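Note that the protein sequences, when read in sequence, are chains A and B.
One point on numbering: in the numbering used here, the residue at position 254 of the first sequence is 286, and numbering is uninterrupted.
One point on numbering: in the numbering used here, the residue at position 111 of the second sequence is 435, and numbering is uninterrupted.
Quick caveat, the hints were computed from the structure, so don't treat them as lab data.
Predicted, not measured: the structure shown is a model, and the values here were computed from it.
For every residue, glycine included, the Cβ atom is placed at its ideal position computed from N, Cα and C.
One thing to keep in mind: the hints can contain errors.
Unchecked claim - Quick partial rundown of chain A residues pointing at chain B, CB under 7 angstroms, derived from the structure:
1) A130
2) V133
3) R139
4) W143
5) P155
6) A156
7) W179
Stated by the list, open to error - In silico negatives: residues of chain A with every beta carbon more than 12 angstroms from chain B:
8) R83
9) G114
10) V131
11) D137
12) F152
13) S196
14) T217
To be verified - Computed cross-link-like contacts, SDA-like style, restricted to lysine to any residue with a CA-CA straight-line distance of at most 20 angstroms:
15) B/K458 - B/W473
16) B/K384 - B/F366
17) A/K144 - B/P533
18) B/K384 - B/T575
19) A/K144 - B/R524
20) A/K144 - B/A599
21) A/K144 - B/R607
22) A/K144 - B/A509
23) A/K227 - A/D257
24) B/K384 - B/F368
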Amino acid sequence: MATDTGGLTGRPATPAEPAPVSGRRPGDAGEPAVRVRNLHRSFNRNGGVLRGVDLDIAAGEFVALIGRSGTGKSTLLRALAGLDRDVEGYGQIAVPDAVSVVFQDSRLLPWKRVLDNVVFGLPAGDAVRRGKQALAEVGLAGREGAWPHELSGGEQQRASLARSLVREPRLLLADEPFGALDALTRIRMHTLLRKLCEAHKPAVLLVTHDVDEAIVLADRVILLDGGVVGADVRVNLCHRSQADPGFAPLRAFLLERLGVKELEVAA
Amino acid sequence: MTATGAIQTLSVGRPSTVDSGAPPLDARVVRRRLGPGRRIRFAFWVGPVVLLAAWAIGSKAGLISPAVLTAPWDVATAFQDQWADHDLLGDILASLERAGLGLAFGVLGGTVLAVTSGLSRVGESLVDGPIQIKRSVPTLALIPLFVAWFGIGQEMKIVTIALISMLPVYVNTHNGLRGIDGRYAELAETIGIGRGEFIRHVVLPGALPGFLLGLRFAVTSSLLGLVVVEQFNATSGVGHMMTLAEEYGQTDVLVVGLVIYGVFGFLADGAVRLAERRVLGWRRTLEG
Chain A
33 MATDTGGLTG
43 RPATPAEPAP
53 VSGRRPGDAG
63 EPAVRVRNLH
73 RSFNRNGGVL
83 RGVDLDIAAG
93 EFVALIGRSG
103 TGKSTLLRAL
113 AGLDRDVEGY
123 GQIAVPDAVS
133 VVFQDSRLLP
143 WKRVLDNVVF
153 GLPAGDAVRR
163 GKQALAEVGL
173 AGREGAWPHE
183 LSGGEQQRAS
193 LARSLVREPR
203 LLLADEPFGA
213 LDALTRIRMH
223 TLLRKLCEAH
233 KPAVLLVTHD
243 VDEAIVLADR
253 VILLDGGVVG
263 ADVRVNLCHR
273 SQADPGFAPL
283 RAFLLERLGV
293 KELEVAA
Chain B
325 MTATGAIQTL
335 SVGRPSTVDS
345 GAPPLDARVV
355 RRRLGPGRRI
365 RFAFWVGPVV
375 LLAAWAIGSK
385 AGLISPAVLT
395 APWDVATAFQ
405 DQWADHDLLG
415 DILASLERAG
425 LGLAFGVLGG
435 TVLAVTSGLS
445 RVGESLVDGP
455 IQIKRSVPTL
465 ALIPLFVAWF
475 GIGQEMKIVT
485 IALISMLPVY
495 VNTHNGLRGI
505 DGRYAELAET
515 IGIGRGEFIR
525 HVVLPGALPG
535 FLLGLRFAVT
545 SSLLGLVVVE
555 QFNATSGVGH
565 MMTLAEEYGQ
575 TDVLVVGLVI
585 YGVFGFLADG
595 AVRLAERRVL
605 GWRRTLEG
């Protein structure tokens, strides 16, 4: 397993390093896509944000990460994305080579048209064809030539999803991707994201503050509390909706673990 | 209403009870527009045409005496005379060559320095200080030094114009570059592109609004520089023509020179603004 010391993330991309996960063989079926062990991260010397996180995500598994603000959800996601250069800490991380990140803001470059944003950074060749296909998949066929500011918030986020998926990631990291959308758009985006993930089967880590969203979307919900994994619950719903009889108890359990009292839930 | 079947549609369409006694007026406050509003056709030409008209009417009515400012038609005659007998076209081309070459070197230099100092901390520490010091020394004050270094020929003139037009490009491009949202850099990192592609697709387009603003200042600066350097031992150029006119007391020819400089500046600025509108189509601003 790649050992991570200091601010470096042990991404297995560097050829000099040994196999990132101990005993990993190419094509090993049971191998988790993400493996995190004893991850510590702190923004200054005294206060630790992550205090020993252990986490496995299986290939194709959809994991939602919830927790109160400031519990390090985003810190964990950024560590997996390799974006935590200036953060102190140690621990072991192994992630696939192909990682895509979806941010809360769509982060489309305003000076590139939608299609150019989607294929941004892809090697030429069939990039345009794949980009168009990805846009069609997220329901934006015909908007290839639009400027980002001409799209609605939901459409911008769809374009950003297309930009992530066209890279065929083995791991999709999403940091509150629907946080800035209105409630109706959000419901549509939930359906779209599930559909896309079932089609492309990346492992997914979705950071959200919305317990309902976590339950409806994820195969597993992980609760971060005090810098460690406080709960790790498999979601077993027959239908992915709030109408499922399993929904309410799970929601109550998670909210309680988040410190929301029953009275507050009822209100 | 517990079961879905019990959901009743309470009202369809618009509410029927509008107070029948109320006058059917638009009782809203229609807001005053705060932005500049719609584009005016040929807006670019309105100001200059008004100025020209004021000049013509003033001269005709005798409000502007010819000793103060030559009348437009006399300037036109002087223009014709210079064009036919004194190779005005050659002077104009010589001036344009100087200003154009100086501007090109200045813009190139300013852009390269701005990208160097905007993207690397080492570059910034080496480049930014000297440039800020240079900013506080007027380039025109350096001309005697340049004369000593480069002589009084074409080189000195082009170096002066280049230096004078480099500064606004540097300052505004650097500013635009540093103003690029850091989140775009983060996105580029997650996408895994190299530094070259980052510069091409994120840095340069992001700094373009600043660069173009700098370019507008640079164009006018280069003409300012032109006016000054052409007083130094020029044997051709609009400035040369004006120096001669000054010696012979030909006010009308002086005004011809001034008008040519003005037209240069006006057209060059218009060209940059047109380019701005073309290239910055992605922006949503008051410009509209």
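query: So which hints don't hold here, by number, going up?
result: 1, 5, 6, 9, 10, 11, 12, 13, 16, 23 and 24
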